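Q: Produce the complete structure using the sequences and hints provided.
Line by line, the protein sequences are chains A and B.
The opening residue of the first sequence carries number 1 in our numbering; numbering runs sequentially from there.
The opening residue of the second sequence carries number 1001 in our numbering; numbering runs sequentially from there.
If you are wondering where the hints come from, they were derived from the structure by calculation, not from laboratory data.
Computed from a prediction, not measured in an experiment: that's the story for all the values here.
Certain hints may be false.
[What the hints assert, rightly or not] Distance windows between CB atoms, simulated:
#  : chain 1 : residue 1 : chain 2 : residue 2 : range
1  : A       : Glu18     : B       : Gly1264   : 54 to 62 Å
2  : B       : Thr1443   : A       : Glu191    : 30 to 38 Å
3  : A       : Glu190    : B       : Ala1322   : 28 to 36 Å
4  : A       : Glu191    : B       : Asn1439   : 26 to 34 Å
5  : B       : Glu1208   : A       : Ser75     : 34 to 42 Å
6  : A       : Ala136    : B       : Glu1208   : 21 to 29 Å
7  : B       : Glu1048   : A       : Gln26     : 37 to 45 Å
8  : B       : Thr1443   : A       : Glu190    : 29 to 37 Å
9  : A       : Gln84     : B       : Ala1322   : 57 to 65 Å
10 : A       : Glu68     : B       : Ile1027   : 21 to 29 Å
11 : A       : His214    : B       : Thr1443   : 50 to 58 Å
12 : A       : Ser90     : B       : Asp1420   : 54 to 62 Å
[What the hints assert, rightly or not] Partner residues aside, some chain A positions facing chain B, computed with beta carbon under 10 Å:
#  : residue
13 : Phe53
14 : Ile103
15 : Ile106
16 : Gly107
17 : Leu110
18 : Thr153
19 : Met156
20 : Arg157
21 : Ala182
22 : Val184
23 : Thr185
24 : Trp188
25 : Lys199
26 : Ala201
27 : Ile202
28 : Ser203
For glycine and all other residues, C-beta sits at the position ideal for the given N, C-alpha and C.
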Amino acid sequence: MEADFAAMRQSIVDGAPENALALAKQALEQGLHPLEIIDNGFVPGMSEVGEQFAKHQMFLPDMLAAAEAMKAAMSVLEPELKRQGEERPSAGTVILGTTKGDIHEIGKTLVGTLLTANGFKVHDLGVDVPSDRFAASARELNADLVGVSALLTTTMRGQRSVVQALETAGLRSSVKIIVGGAPVTQRWAEEIGADGYAKDAISAVALVRNLLAHKLAATEVTV
Amino acid sequence: MRPKLELLEHSLVESILDEAFELLETIGTKVAAPEAVDLLRSAGARLEDSIVRLPNALVRQALGSVPREFSLYTRSGERAVHYGGDDVHFDPGSSCLNILDSETQQPRPAISADLIRMVQVTEMLPEFAAQATAMVCNDVPSEIGDWYRLLLVLWYSDKPVITGAFSIPTLQTMLELLATDAGGLEMLKEKPRAVFDVCPSPPLNWSEFASQNMLELARAGVPAQIVSMPLAGATAPVTLAGAIVQHAAECLAGITIHQLASAGAPVVWGGAPAIFDMRTGNTPMGAIETAMLDMGCAQVGKSLGLPTHGYLVASDSRQIDAQAGMESGGSALLGALAGINMISGAGMLDFLACHSIEKLVIDAEAIASAQRLLAGVEPHGEKLAINAFAQTGLHGDFLKLKETRSLFRKEQHFPSAVIDRRSDGKADDILTRARIRANELVTGCQRLPLPRQVEDRLFAIATREAGRIGLDHLPGIEVPVPSGS
Chain A
1 MEADFAAMRQ
11 SIVDGAPENA
21 LALAKQALEQ
31 GLHPLEIIDN
41 GFVPGMSEVG
51 EQFAKHQMFL
61 PDMLAAAEAM
71 KAAMSVLEPE
81 LKRQGEERPS
91 AGTVILGTTK
101 GDIHEIGKTL
111 VGTLLTANGF
121 KVHDLGVDVP
131 SDRFAASARE
141 LNADLVGVSA
151 LLTTTMRGQR
161 SVVQALETAG
171 LRSSVKIIVG
181 GAPVTQRWAE
191 EIGADGYAKD
201 AISAVALVRN
211 LLAHKLAATE
221 VTV
Chain B
1001 MRPKLELLEH
1011 SLVESILDEA
1021 FELLETIGTK
1031 VAAPEAVDLL
1041 RSAGARLEDS
1051 IVRLPNALVR
1061 QALGSVPREF
1071 SLYTRSGERA
1081 VHYGGDDVHF
1091 DPGSSCLNIL
1101 DSETQQPRPA
1111 ISADLIRMVQ
1121 VTEMLPEFAA
1131 QATAMVCNDV
1141 PSEIGDWYRL
1151 LLVLWYSDKP
1161 VITGAFSIPT
1171 LQTMLELLAT
1181 DAGGLEMLKE
1191 KPRAVFDVCP
1201 SPPLNWSEFA
1211 SQNMLELARA
1221 GVPAQIVSMP
1231 LAGATAPVTL
1241 AGAIVQHAAE
1251 CLAGITIHQL
1261 ASAGAPVVWG
1271 GAPAIFDMRT
1281 GNTPMGAIET
1291 AMLDMGCAQV
1301 GKSLGLPTHG
1311 YLVASDSRQI
1321 DAQAGMESGG
1331 SALLGALAGI
1341 NMISGAGMLD
1351 FLACHSIEKL
1361 VIDAEAIASA
1371 QRLLAGVEPH
1381 GEKLAINAFA
1391 QTGLHGDFLK
1401 LKETRSLFRK
1411 EQHFPSAVID
1421 RRSDGKADDI
1431 LTRARIRANE
1441 LVTGCQRLPL
1451 PRQVEDRLFA
1461 IATREAGRIG
1471 LDHLPGIEVP
1481 VPSGS
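A: Below is the structure:
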């Protein structure tokens, strides 16, 4: 029996975690290599969802469902990879969180979900995160990029503190910083010395890919 | 007859309230301020894992003591805003960081001079019953930004103010400024000039600051305006009806906390609900569904007999264009027809991130039209047309009639030159017309001097508080000339 890559791809497009999980298990039982399953079966599904999204035929709830399906498939594929002593090449390590005093997590969580589905390793520090913790985690996890979210005009200033904390920690040259949230603008990002701003979760994925392009090229991840 | 638009079937309003009560009793609400939790618990609420479940009876008891109406007064002591019934008022939107620069029409950080200019324009426009502490002044340190905005409004305006605080110490300074302005704490209670917005975090989370704020405002007797902001599809159910249930539950919880602290203190059933844009993740304030949420939320509050507030007349466009006009004008009409007591949002663009003074004067025209609509169609006499025809027959020269002259001012609203009704000369675009109008308004605005002791005292408080953070000057405030000189 041949591996049904088309069905895998479709399970992602349909946002059907149960199907994705069953198909991933089945493919492993057939003896396929986990990376082959990921790259030929499930990743094309995410790509299609991205394309449909760009054409306004799919929306955020569809995107989230696809990410959930991806997560379900990866829940059996990643342990198998590890068992075989391999690892899926990471597109980069990203730390996310909202600024001190800000408890609005939706935007940041959305960005995290989409980045994960696109092959990045995401560490979500949650909400109301002190600037120092961003810096400490970036050092500890050897992060490539830190994303700081703020929904309120009052908590947006905390993004500047995160930039400063990374500078103080001597990490600024090795870690990119991006900012987002309702009141945030490109101009603000430039003013506080961040590397980029994204107006929504989709553009955040594009921005992160762009900023970590050198890393992507090195690992030849094609998602 | 005053035109009115009710969006919800009465049976739907009942279902919404039933579910809101059920939500508070079964799922509960987060309340973080320990003092608020204690008050709720001793009144019979159950606390479990930082979630408070409110028995129906407790919420209903709180609803029983809320004033059905109250008024806001100008500094001169005149009643200027009536919260209650179907009375409709408008004020500019609040607390954005950016202003659309008048010259470049590009957003830039706002400074105190921008707020002063906006206060002057608002002061001159009768369409606005109240001022708002409309933008964050970036030339003022953020630690004192909240009370500083209020100081500037009190300094330059006579109108009531819609304001808000972001911390408890700041709230105390703001109440001190308002009490000074009113002539004492008792006067402030008797004739309040300001309303404070208080925002629960969706879904059903009364943060430590928000819940404590409700207690402090209730005790001071200064009106609190609950600004519940369910985001339909993201931080609230995706259906409009479901999001309205959440709004009702958040308001009911806030009212319960508030009335337990001081039964009979004034509080407003308000909000800034919006849908969640499923493509961008933004919160479109100009979407028709957002206006529908505001109308529905207000209708539920009205069914309980409570004063209401909503967030409309804002646009998501980033410039002064047809989208800005369409969204703002449309929602001004809908809010007015819904009979929402205070409608905030005029002047705002870009998902509430940016204010524009030019937009504010354009929005004033939309508001004036909405106000004209509310005045309705009146007969003005026993006969509607027969008497006029009896005088002029079929000659068609109604222009000459005495009744035309005596009634046309009542029948027609006369827009400012922002609205182009000429058919000759150069056709300027609306931005040019709005700029000219804004300049005229600012030039014509005379600051009503504050009573001497009030001005000295406000100045002293501001100097004291600014001194705490090492600020030795007050942007936008002239030093009062010492007495006797």
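Q: Run every hint past the structure and note whether it holds.
A: Now the hints, each set against the structure:
1. Under the hint 54 to 62 Å, the C-beta atoms of A:Glu18 and B:Gly1264, about 56 Å apart, fit the expected range.
2. The hinted window of 30 to 38 Å between B:Thr1443 and A:Glu191 holds, with their beta carbons roughly 33 Å apart.
3. As the Cβ distance of A:Glu190 to B:Ala1322 is approximately 30 Å, the hint placing it in 28 to 36 Å holds.
4. The given range of 26 to 34 Å is respected by A:Glu191 and B:Asn1439, whose C-beta atoms sit roughly 29 Å from each other.
5. Our hint of 34 to 42 Å for B:Glu1208 and A:Ser75 holds, since their Cβ atoms are close to 37 Å apart.
6. Roughly 25 Å separates the CB atoms of A:Ala136 and B:Glu1208, a value that falls within the hinted 21 to 29 Å.
7. Taking the beta carbon of each, B:Glu1048 and A:Gln26 are about 44 Å apart, inside 37 to 45 Å as hinted.
8. For the pair B:Thr1443 and A:Glu190, the supplied restraint of 29 to 37 Å holds, since their beta-carbon distance comes to about 36 Å.
9. In this structure the supplied range 57 to 65 Å holds for A:Gln84 paired with B:Ala1322, their Cβ-Cβ distance being about 60 Å.
10. At roughly 24 Å, the beta carbons of A:Glu68 and B:Ile1027 sit within the given window of 21 to 29 Å.
11. At roughly 57 Å, the beta carbons of A:His214 and B:Thr1443 sit within the given window of 50 to 58 Å.
12. The supplied range of 54 to 62 Å is met by A:Ser90 and B:Asp1420, whose beta-carbon atoms lie about 59 Å from each other.
13. Here the hint on A:Phe53 is kept, as its CB sits about 8 Å from the closest CB of chain B, short of 10 Å.
14. At a threshold of 10 Å, the smallest CB-CB gap from A:Ile103 to chain B is about 6 Å, leaving the interface hint in force.
15. Checking A:Ile106 against chain B: minimum C-beta separation of about 5 Å stays under 10 Å; hint holds.
16. For A:Gly107, the interface hint holds, the least distance from its beta-carbon to any beta-carbon of chain B being 6 Å, beneath 10 Å.
17. Annotation: A:Leu110 was flagged as interfacial toward chain B, and the flag holds, the nearest CB pair being 6 Å apart, inside 10 Å.
18. With a cut of 10 Å, the hint placing A:Thr153 at the interface with chain B holds, because the nearest CB-to-CB distance is about 5 Å.
19. Proximity of A:Met156 to chain B holds as hinted, the smallest CB-CB distance being about 7 Å (cut-off 10 Å).
20. Interface restraint check: A:Arg157 against chain B, minimum CB-CB distance 6 Å, threshold 10 Å, status holds.
21. With a cut of 10 Å, the hint placing A:Ala182 at the interface with chain B holds, because the nearest CB-to-CB distance is about 6 Å.
22. Hint status for A:Val184: holds, given a least beta-carbon distance of 9 Å to chain B, under 10 Å.
23. Interface restraint check: A:Thr185 against chain B, minimum CB-CB distance 7 Å, threshold 10 Å, status holds.
24. A distance limit of 10 Å between C-beta atoms decides the matter here; for A:Trp188 the minimum to chain B is near 8 Å, and the interface restraint holds.
25. With its C-beta approaching chain B no nearer than about 7 Å, A:Lys199 sits inside the 10 Å limit, and its interface hint holds.
26. Annotation: interface hint on A:Ala201 holds; nearest CB of chain B at approximately 6 Å, less than 10 Å.
27. At its closest, the beta carbon of A:Ile202 sits 8 Å from a beta carbon of chain B; the interface hint therefore holds under the 10 Å criterion.
28. Nearest Cβ of chain B to the Cβ of A:Ser203: about 9 Å, under the 10 Å cut. The hint holds.
In summary, the structure agrees with every hint in the numbered list given earlier.
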